[in-house]
Amino acid sequence: MSEYPWQLRGRCYLLGDNVPHPGGVIPLSLITARETDPAVLIPHLFSETDSGFAERVRPGDLIVTGKNFGMGPKGCGYIAMQALGLGLLCESMSVQAYREAISTGLAVLNPCPQITTMCAMHDDLEVNFQNGLFINHTKNIRLEFPAIPKELQELVSKGGNTAWLKFWQESQKK
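So for the sequence shown, the working numbering puts the first residue at 50; every next one is plus one.
Hints listed in this document are in silico derivations from the structure and should not be mistaken for laboratory results. Among the hints, erroneous ones may be present.
Each computed DSS-like pair below joins lysine-lysine, with the alpha-carbon atoms no more than 27 Å apart [claimed, not checked]:
1. Lys207 to Lys123
2. Lys116 to Lys223
3. Lys188 to Lys207
4. Lys215 to Lys199
Owing to the predicted nature of the structure, the values given are computational and were not obtained by experimental measurement.
Using the sequences provided together with the hints, build the complete structure.
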């Protein structure tokens with residue numbers, strides 16, 4: 050698992066509480082179409098709440114959210130986040146949303162109590178998803194949050210459910 054980029058450093062993109070998956074993270078039309086192609090999804094990531102988001106972010110940037118992030122059906126927005134090389138830190142998200150994010154191979158820390166009070170838009174953040182270490186270099190804040198559980202780290206490092214299953218199938222041929 051060492052080749053996976055467990056530590057990200059980038060700009061903070063701060064979101065509030067109760068950001069729904071449909072209409073907040075990704076348009077409902079892409080969810081109902083069951084779109085999974087990252088090339089199709091990426092231009093629409095947060096397009097209904099932050100036009101041009103996908104063009105501004107860079108690999109390593111971190112999305113920091115308030116309470117109840119990503120509520121609603123399906124997680125195709127997480128596919129786009131993972132493909133862009135982003136990380137996600139949430140004050141809270143439902144178990145269903147967390148499972149969807151992890152199943153796409155997205156690095157996510159949840160719960161991160163009060164994280165939105167420790168960050169501002171475009172702060173310089175660094176996060177290690179293996180051990181939960183969070184550093185806000187702009188504000189000189191260093192904390193630890195619950196890491197991605199060790200049992201799920203291999204799934205994330207392989208790129209999610211589909212990629213892990215392909216890896217497993219290949220390993221069975223040997």
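(request) Kindly indicate which numbered hints from before are broken by the structure, ordering the numbers from low to high. (result) 2 and 3
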